[in-house]
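Trainee: So the protein sequences, as listed, match chains A and B. Position one of the first sequence corresponds to residue 1 (my numbering), numbered consecutively onward. Position one of the second sequence corresponds to residue 1 (my numbering), numbered consecutively onward.
Honestly, the hints are just simulated from the structure, not real lab data. Idealized CB from N, CA, C, for every residue including glycine. Careful, some of the hints might be misleading.
[Unchecked claim] Partial list, derived from the structure: chain A residues whose beta carbon lies under 10 Å from chain B:
no.	residue
1	G53
2	A55
3	K58
4	D60
5	D94
6	Q171
7	H206
8	A219
9	R266
[Claimed, not checked] Label-pair restraints from in silico Cβ distances:
no.	chain 1	residue 1	chain 2	residue 2	range
10	A	A234	B	A617	50 to 60 Å
11	B	P700	A	A209	29 to 39 Å
12	A	D6	B	P681	18 to 28 Å
13	B	T830	A	D253	32 to 42 Å
14	B	E805	A	A198	49 to 59 Å
15	A	A273	B	E805	48 to 58 Å
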Amino acid sequence: MSTPLDAERIAAMLGPLRLTRARARIARQAGAHPRRVAGPGAEFWQYRMLNPGEAADKVDWRRSGRSDELYVREREREDPVRLWLWSDASASMDYASDEALPRKKTIADMLVAALGLAAYEAGETCCAPPDPRPLRGDALLAPHGPGDAPRLSAPGPADIVLAAGDFLGRQALDWIAPAAAAGAQGVVIAVADPAEIAFPFSGRVHFDAVEPGDRPFEAGRAEALGETYAAAWAAHRARLAAACDRPGWLLVDAVTSDDAAAHAARIAGWLRAV
Amino acid sequence: MGGAFSFAVPWLLAAGLALPFLWLLLRRLPPAVRRVRLPSIVLLGDAEIPPPPAAKPPWWLVLLRIGIVALLLVGLAGPVWKPTPATAPPARLAIVIDNGWSAASQWDRLVTAASDRIEALPPTTRFSILPTAFDGPAPDTHWVDAPTAKAQLAALSPLPWPADRARRAAALPQDAAFLWVSDGIEDAGAPALRRALAGGESLAVPPAEPAIRVAGRTNDGWSGQVIAPSGLPSAALAFRSRRGQTLSSEPLTFESDVATFRVRLDAAERADVSRLTVGTSAQAIYLADGSAARPRVVVVEGPSNAPPLESGGYYVRRALEPHAEVVTGALATAAEDPATLFVLTDVAAEPAQAKPLLERVEKGAVAILFAGPRIAENGSALSPVPLRAGARALGGVLSWQQPQAIGGFDAAGPLAGLAVPEEARVSRQLLAASDSEAMRWAWLADGTPMVSAARRGAGLLILVHTAADPSWSTLPLSGLFEAMLRRLLPLGTNPDSVDIAGAKPWVLERMLGARGEWQEPARPVTIPADRFDAATASAATPPGLYRSGDARRVINLAGALGPRFSFEPLGTEGLRPAAEAAPPVDIGAWLILAAALLALVDILVALRLRGALAPVAAAVLLMLAPKPAEAADLQLAYVRTGSPAADAGIARGLETLGQTLTRRTSVSPGKPAAVDPARDPLGAYPVLYWPAANVRSMSPATALRLRAYIAAGGLVLFDFGRPLGAGTGARELLEPLGLPALSEVGSEHVLSRSFYLLHSHAGGAVWAEAGSEGADGRVSGVVIGGGDWASLWSGDRAVSPQQREQALRFGINLVMYALTGTYKADQVHTRALLERMGEKPR
């Protein structure tokens with residue numbers, strides 16, 4: 001039984017989601033000390049004198065009014081931790097084996113949007129690849145990510161990829177290795193329909209093409225295909241697990257009949273972990 | 001045992017030539033395919049994709065379908081298996097078939113039995129059909145082949161009079177085998193026929209319907225006797241009106257085959273009865289006619305205090321009572337009586353008084369006036385002729401004339417043919433004022449009228465020119481008085497038939513068929529008037545409706561049966577039972593049934609090949625599965641803590657709360673239910689009490705189910721057992737529920753007002769969802785607190801009575817809140833509403 005909870009409800013349940021894991025990783029890579037230097041950021045760091053030749057609009061007039069000197073207000077440098085939101089929008093995601101079940105696309109979009117909203121609540125930056133500009137407002141709730149894979153412009157240790165899809169294609173996992181090599185972290189949400197796991201077909205069945213380019217075919221006795229299919233599905237799961245395990249990414253197996261909130265809570269817990 | 005196949009429609013078998021083409025056609029048609037989408041099918045490599053199946057069905061399926069079509073074809077062609085009889089068949093078979101009235105109720109079975117016998121014999125056999133009841137001389141014997149004999153049988157019908165078996169016995173063919181298809185009833189002619197048919201076969205189908213052997217009207221209804229063939233325990237007697245409606249119905253139970261009935265009917269129904277039925281054949285129908293009716297007569301007397309023997313009404317009543325239902329009435333109210341015959345003895349009716357009665361006469365009633373001193377003096381508006389004032393006295397002291405004898409009767413009137421008594425003398429009479437159009441039905445010896453009549457509208461006015469009491473004549477003392485009145489009685493039901501006694505013969509108008517249907521007479525039947533009373537149903541005088549002039553009477557079959565009739569079983573001495581000819585077996589229906597079953601198998605196979613058998617079977621099983629019983633009634637529920645002692649305490653607390661609810665409110669919960677939120681269905685419970693003192697976490701599955709429960713309108717009361725604050729673990733436990741902001745429940749919250757007005761909740765602060773105070777209609781799905789209410793309700797914790805009462809009130813409010821939501825929220829605004837209405841809140 002699954003209660004249709006919309007993304008906002010899940011986000012409210014998760015609460016503000018700080019991407020502690022990414023910050024901890026940056027800190028580890030740059031040494032154990034916090035980065036106490038001036039730079040672009042939100043928190044106040046220090047006032048300093050205006051250097052000659054600096055633009056006048058940098059002057060903090062409130063502080064400067066109290067003395068004869070001109071001061072500039074500096075903020076503590078913040079690391080640009082970004083959460084890249086991507087959900088697969090290909091035709092294979094528009095599928096539900098039963099009318100009572102949600103479509104794979106619905107679950108993927110909902111999970112991604114909920115986690116994005118929760119992170120936004122905590123003041124984190126969310127982006128839709130490949131655009132590095134932060135998302136705001138309704139753009140957070142819209143389905144993200146054109147293209148067949150999350151293509152990050154310049155992945156680095158401060159990037160966390162949140163990718164939901166079925167990753168059925170042959171090259172569907174190829175993007176993970178380069179991103180991981182550049183230091184990015186990620187969560188791969190593999191969405192599957194119960195029918196895709198159980199293969200409940202028998203008799204004479206015609207399998208239609210789902211994605212453009214697929215080859216439709218007809219099976220005289222579909223039950224005879226069951227074992228072959230089960231092996232192929234197991235291999236698919238193994239590929240996914242291998243691709244995620246190597247760089248230490250999180251793989252979430254989301255079946256559309258599951259409770260999406262539980263998956264969201266698990267991912268949020270992983271992202272919060274130090 | 002040998003036999004022969006034959007086909008009713010052999011040419012249909014020619015369609016079997018098309019079967020090979022069907023084979024080719026079916027081989028080219030593959031079974032239907034199921035189309036599905038499965039995104040993950042791309043995981044199968046090209047090597048693993050099976051080659052496309054051959055587009056033809058398996059050979060055994062084609063064979064199955066060809067078989068279905070072949071079976072259907074052969075079945076429709078009407079195959080019949082005819083077993084051959086054990087004994088040598090006769091070359092000529094004379095079939096004597098009873099077709100008197102007693103065969104009518106089972107006629108179809110008789111004909112079928114005879115037809116089966118004909119069919120069972122070889123086609124070379126010649127047959128002759130010999131009915132035992134016939135109209136006219138016994139029909140000649142003709143030898144015909146089987147189809148003609150069957151056609152003759154089909155054209156034969158039962159006749160509504162007794163069979164004449166003796167005459168049939170006298171006209172039997174020679175050199176033939178005999179089969180007597182009889183109705184199984186013994187009668188006078190049966191022994192003769194038995195002797196003539198000695199050595200032949202006999203086959204009896206006893207009648208299935210009872211017979212009315214005697215019936216007649218009584219003063220207040222009908223009585224009679226019905227005789228049943230043996231084995232019939234009961235029947236229903238129905239009285240039907242002229243329009244075919246059932247007026248009254250009476251169950252009959254036969255004791256030793258006879259049932260005597262005596263049925264009361266009210267006057268209107270009595271007049272409307274046209275037939276009595278206990279079945280549908282002629283013997284079960286008794287037609288009612290006017291002659292059988294007891295007409296209702298109203299006698300109106302003039303205002304006289306004469307002793308009975310000097311009162312005209314007395315003589316009229318005594319004369320009519322054996323034949324009619326006589327009531328005494330007054331002139332003013334007589335017209336309201338449903339009777340159609342009125343007798344007025346010496347009533348001097350003025351026009352205004354006579355008007356209602358005259359109107360009845362115009363509509364078809366008959367009024368008979370007897371003269372008397374009052375009419376002689378005052379006249380009467382009801383008189384058919386203008387009257388001369390005063391009476392003509394004959395034989396008095398001042399008269400030379402002697403009292404007059406009766407002169408005669410009009411041959412065209414209803415009194416025609418009455419014997420003139422010698423002793424009757426008329427000494428006073430009324431005279432008509434002048435010659436008039438009135439009919440003169442009887443006259444005195446000198447020709448002056450004694451009975452005159454005139455038509456008035458649809459009815460008749462009749463004047464007897466002398467008095468009904470013996471003061472004017474000796475007529476009331478003679479037999480003629482009663483005879484005259486009896487002749488006039490039928491006029492009441494049929495005022496047109498004034499020539500009723502004319503010697504016109506009775507002509508059959510409609511014949512009652514043996515199976516109870518009306519038939520046009522096949523030939524004209526007339527019965528001389530004097531022989532009608534003695535006529536019984538026979539070929540010469542068939543039962544039915546007869547007409548003579550304007551009058552109608554009936555002849556019933558009951559007259560032919562006689563009052564002592566009973567169904568005697570037919571003797572079979574000298575006869576042998578009919579050869580047990582096994583009837584031909586019709587195989588076609590079985591072949592079609594087999595084809596249908598195979599078609600069902602074919603459907604199952606097709607579903608199996610498509611892989612759709614399991615869903616269809618599951619749907620069928622789901623339809624057949626018994627539905628789970630509905631939840632009995634409202635129940636409070638609590639979450640098991642795992643400790644039996646604690647659970648028992650909570651159950652006690654909830655039970656006490658339930659009893660309090662039953663006593664104080666219209667909510668009466670049953671026994672509290674213990675549930676496990678991770679497994680049990682929660683939907684039936686309005687409130688779920690969760691003792692969460694020692695619970696630290698909630699599994700995702702439980703959270704999912706609880707969210708669904710709250711989303712569907714449920715209410716969960718979390719009781720942490722101590723006032724909320726740090727260390728209660730409330731946040732950790734409730735986190736998976738994904739609750740919105742909470743706020744403390746104040747005295748303005750609906751929860752504090754849903755039944756009692758509460759200012760405290762007996763156990764510290766209580767929290768509910770923020771924004772659920774009631775103003776905007778939101779109902780909180782959770783109530784969180786630490787009152788340890790179960791122990792307060794049950795009384796396990798020693799507290800002051802006030803505190804316990806407070807806890808019970810909180811419990812009642814909580815259940816009311818769960819059941820009614822924000823329905824009571826308007827109370828929150830009562831103060832504002834009252835102010836707006838201009839009243840000071842008290």
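Trainee: Now, for every hint given, state plainly whether the structure supports it.
Mentor: The hints, checked one at a time:
Taken as an interface hint, G53 of chain A does not check out: its beta carbon lies about 52 Å from the nearest beta carbon of chain B, beyond 10 Å. At a threshold of 10 Å, the smallest CB-CB gap from A55 of chain A to chain B is about 45 Å, leaving the interface hint violated. Hint status for K58 of chain A relative to chain B: violated, with the closest Cβ pair at about 41 Å, above 10 Å. At about 37 Å, the closest approach between the beta carbon of D60 of chain A and any beta carbon in chain B exceeds 10 Å, and the interface hint on this residue is violated.
The interface hint given for D94 of chain A is met, as the beta carbon of that residue sits about 9 Å from the closest beta carbon of chain B, less than 10 Å. Checking Q171 of chain A against chain B: minimum C-beta separation of about 12 Å lies over 10 Å; hint violated. Against a cut-off of 10 Å between C-beta atoms, the interface hint on H206 of chain A holds, since the closest Cβ of chain B lies about 5 Å away. For the restraint placing A219 of chain A at the interface with chain B, the shortest Cβ-Cβ distance is roughly 6 Å, inside the 10 Å limit, so the hint holds.
Look at R266 of chain A: its Cβ gets to within about 9 Å of chain B, closer than 10 Å, so that hint holds up. Between A234 of chain A and A617 of chain B, the C-beta spacing of about 30 Å breaks the proposed range 50 to 60 Å. Between P700 of chain B and A209 of chain A the CB atoms are about 37 Å apart, so this pair conforms to the stated range of 29 to 39 Å. Taken as a hint, the range 18 to 28 Å holds for the pair D6 of chain A and P681 of chain B, whose Cβ atoms sit roughly 25 Å apart.
Taken as a hint, the range 32 to 42 Å is violated for the pair T830 of chain B and D253 of chain A, whose Cβ atoms sit roughly 56 Å apart. Distance hint check: the CB atoms of E805 of chain B and A198 of chain A are about 58 Å apart, consistent with the given range 49 to 59 Å. The supplied range of 48 to 58 Å is met by A273 of chain A and E805 of chain B, whose beta-carbon atoms lie about 51 Å from each other.
In terms of the numbered hints stated before, the structure departs from hints 1, 2, 3, 4, 6, 10 and 13, listed from lowest to highest.
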